[in-house]
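Asker: Read off the chains here:
Protein chains: 2
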Amino acid sequence: MSRYFTEANSDEIVNARMGEAVPPRLRQVMAALVRHLHAFAKEVELTEAEWAFGIDFLTKAGQMCSEERQEFILLSDVLGLSMLVDAINHRRPAGATENTVLGPFHVAGAPLRAMGERITLDGQGETCLYTGRVVDLRDAPIAGARIDVWSDNAEGFYSVQQPGLQDKWNNRGVFVTGADGKYDFIGIKPVSYPIPDDGPVGKMLAALGRHPKRPAHMHFMITAPGYQRLVTHTFVGDDPWLDSDAVLGVKATLIAPFEPAEDGRTSWRSPFDFVLTPSG
Amino acid sequence: MSRYFTEANSDEIVNARMGEAVPPRLRQVMAALVRHLHAFAKEVELTEAEWAFGIDFLTKAGQMCSEERQEFILLSDVLGLSMLVDAINHRRPAGATENTVLGPFHVAGAPLRAMGERITLDGQGETCLYTGRVVDLRDAPIAGARIDVWSDNAEGFYSVQQPGLQDKWNNRGVFVTGADGKYDFIGIKPVSYPIPDDGPVGKMLAALGRHPKRPAHMHFMITAPGYQRLVTHTFVGDDPWLDSDAVLGVKATLIAPFEPAEDGRTSWRSPFDFVLTPSG
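Which chain is which? The protein sequence lines are A and L, in order. Taking the numbering used here, I'd label the letters of the first sequence as residues 1 to 280. Taking the numbering used here, I'd label the letters of the second sequence as residues 1 to 280.
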């Protein structure tokens with residue numbers, strides 16, 4: 001290899017510059033990043049104008065970031081990278097409930113509620129009974145599973161997006177299973193909503209002919225001693241955006257039934273069993 | 001292909017979301033970007049902590065950007081991407097002088113000077129006579145070639161980095177060739193200097209066991225009607241950082257002789273001929 005830069009050796013010469021003391025994992029990740037970055041530029045023969053556009057895009061994305069807004073996570077989300085990293089790090093055996101992205105709206109410390117209680121505090125939206133079991137891979141109930149749930153309100157906003165307008169714990173709660181592994185609580189049938197699209201990522205979506213909508217979903221984070229943490233959603237099966245979630249969060253196994261309820265307590269009923277994977 | 005996200009189809013499903021009206025070139029570039037990004041994450045099995053580190057790095061780089069500082073260009077430079085894009089877009093026939101990166105310190109509008117004049121206004125540094133010819137691929141002189149030159153001063157700073165301390169046109173000038181294609185001017189033997197390393201990119205370089213130094217070089221931008229614009233440097237051949245330029249800017253053909261001058265007018269003499277490529 002030439003000691004100096006050539007188009008042919010471009011990635012090798014960058015990676016050859018790394019010092020001998022670089023930790024093996026950092027070396028591996030950076031070398032792969034440089035190799036794939038250069039392969040991309042070579043494959044498309046990136047023009048100088050396109051390169052400059054990319055620099056400007058990253059700069060604008062960086063300047064959009066604040067305490068309340070993370071444009072690079074949004075970018076990762078719409079490019080499917082967030083889902084991919086989640087998938088790589090949470091491979092599960094067949095039959096186990098799959099992960100999907102945590103999203104930016106989880107708040108730790110939601111009130112612990114008794115089974116059957118209501119999490120919707122604003123009285124808005126179509127009521128829905130969420131019910132099912134937390135079980136292991138052999139369908140045995142898991143006692144003491146902590147189920148942290150959250151959703152948007154009937155207008156498509158999470159409580160943290162409307163601090164003056166919504167109670168902090170509106171449509172949020174924590175439930176703990178008993179010996180039968182069963183859970184049930186009353187929330188709303190969630191509604192679809194757009195991810196923030198007033199920044200560079202929103203412009204990118206528009207240029208790519210993509211919409212910013214997420215299909216309606218209820219968030220679940222389930223932990224139990226001896227089992228892997230499950231971070232997932234259940235999706236409303238008839239949502240029109242199910243096939244085109246802006247952040248690619250939908251997995252076929254996470255689409256849940258939302259049926260008209262027959263007991264008159266709620267308008268809807270959504271039965272779903274969660275199957276946890278043993279840890280370690 | 002599944003309609004929903006799986007680890008296996010992760011890049012295909014993102015790219016399948018693009019609308020039908022997306023212009024072909026945008027479609028090509030974005031599809032390749034997504035494909036290479038996902039291939040990178042899969043190859044290294046990127047962890048969630050590494051992903052979060054990357055998001056934080058990009059955010060900090062964005063917040064470092066200002067009117068005076070472009071951290072993403074710096075990132076592109078140290079990853080060899082700037083040189084690669086330059087190489088892809090300025091392939092030249094054998095014998096033609098090669099391009100290298102423009103860098104951030106060019107200023108348009110430098111004073112037009114007569115051949116033989118001095119560009120160093122502060123009287124500092126080791127004087128050097130730059131001399132040679134601008135020719136075509138058949139070694140015929142090119143008349144009317146406009147040679148825009150610039151370098152750092154003896155302390156390693158470009159005039160624009162020290163607006164109060166240096167004259168704006170210190171170590172800058174424009175020369176136009178006559179019928180013989182010859183040029184000569186007096187500047188200094190330039191010195192090596194570090195790229196700005198007080199931001200995220202500097203931290204990255206340190207983590208990779210790389211230094212921020214650029215080997216000493218004189219900048220040339222040469223234009224002539226009927227020829228491709230040449231943006232290049234000549235490098236001081238005995239510079240200790242020649243093999244490890246932080247921005248990978250050195251090409252073997254751009255290393256110039258810097259010899260002790262014998263006529264007493266200057267301390268050094270650097271002969272170099274520039275071979276322009278016909279445009280179109």
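Hints are computed from structural coordinates only; laboratory data are not their basis. One should not assume that every hint holds.
Where chains are identical, the list cannot tell them apart; a pair therefore holds if satisfied intra-copy or between any two copies.
[Stated by the list, open to error] With a straight-line cut-off of 25 Å between C-alpha atoms, the simulated DSS-like cross-links for lysine-lysine are: (1) Lys-251 with Lys-168; (2) Lys-203 with Lys-189; (3) Lys-60 with Lys-168; (4) Lys-42 with Lys-251; (5) Lys-251 with Lys-60; (6) Lys-60 with Lys-189; (7) Lys-203 with Lys-168; (8) Lys-182 with Lys-203; (9) Lys-189 with Lys-42; (10) Lys-203 with Lys-60; (11) Lys-42 with Lys-168; (12) Lys-213 with Lys-182; (13) Lys-251 with Lys-189; (14) Lys-182 with Lys-42.
Asker: Would you mind marking each hint as holding or not holding in the structure?
Answerer: Hint by hint, here is what the structure shows:
Taking identical chains as interchangeable, the C-alpha atoms of Lys-251 and Lys-168 are never at most 25 Å apart, the minima being 29 Å within one chain and 60 Å between chains. In the homo-oligomer, the alpha carbons of Lys-203 and Lys-189 never lie at most 25 Å apart, since the shortest distance is 30 Å inside one protomer and 48 Å across protomers. In this homomeric assembly, Lys-60 and Lys-168 never come within 25 Å of each other (Cα to Cα): the closest approach is 31 Å inside a single copy and 30 Å across copies. Proximity of Lys-42 and Lys-251 under a CA criterion of 25 Å is satisfied inter-copy only: 19 Å between copies versus 33 Å inside one chain copy.
In the homo-oligomer, the alpha carbons of Lys-251 and Lys-60 never lie at most 25 Å apart, since the shortest distance is 32 Å inside one protomer and 33 Å across protomers. Taking the shortest alpha-carbon separations for Lys-60 and Lys-189, neither the intra-copy value of 36 Å nor the inter-copy value of 39 Å comes in at or below 25 Å. Neither within a single protomer nor between protomers do Lys-203 and Lys-168 lie at most 25 Å apart by alpha-carbon distance, with minima of 31 Å and 39 Å respectively. Taking identical chains as interchangeable, the C-alpha atoms of Lys-182 and Lys-203 are never at most 25 Å apart, the minima being 44 Å within one chain and 51 Å between chains.
Taking identical chains as interchangeable, the C-alpha atoms of Lys-189 and Lys-42 are never at most 25 Å apart, the minima being 48 Å within one chain and 36 Å between chains. In this assembly of identical chains, Lys-203 and Lys-60 lie within 25 Å of each other by CA distance both inside one copy and across copies; the values are 11 Å within and 22 Å between. Proximity of Lys-42 to Lys-168 under the C-alpha cut-off of 25 Å is found in neither arrangement, the shortest distances being 50 Å within a copy and 38 Å between copies. With identical chains, the CA atoms of Lys-213 and Lys-182 are never at most 25 Å apart, being 32 Å at best within one copy and 64 Å at best between copies.
Taking the shortest Cα distances, Lys-251 and Lys-189 sit within 25 Å of each other inside one copy (19 Å), while across copies they are farther apart (63 Å). Taking identical chains as interchangeable, the C-alpha atoms of Lys-182 and Lys-42 are never at most 25 Å apart, the minima being 55 Å within one chain and 37 Å between chains.
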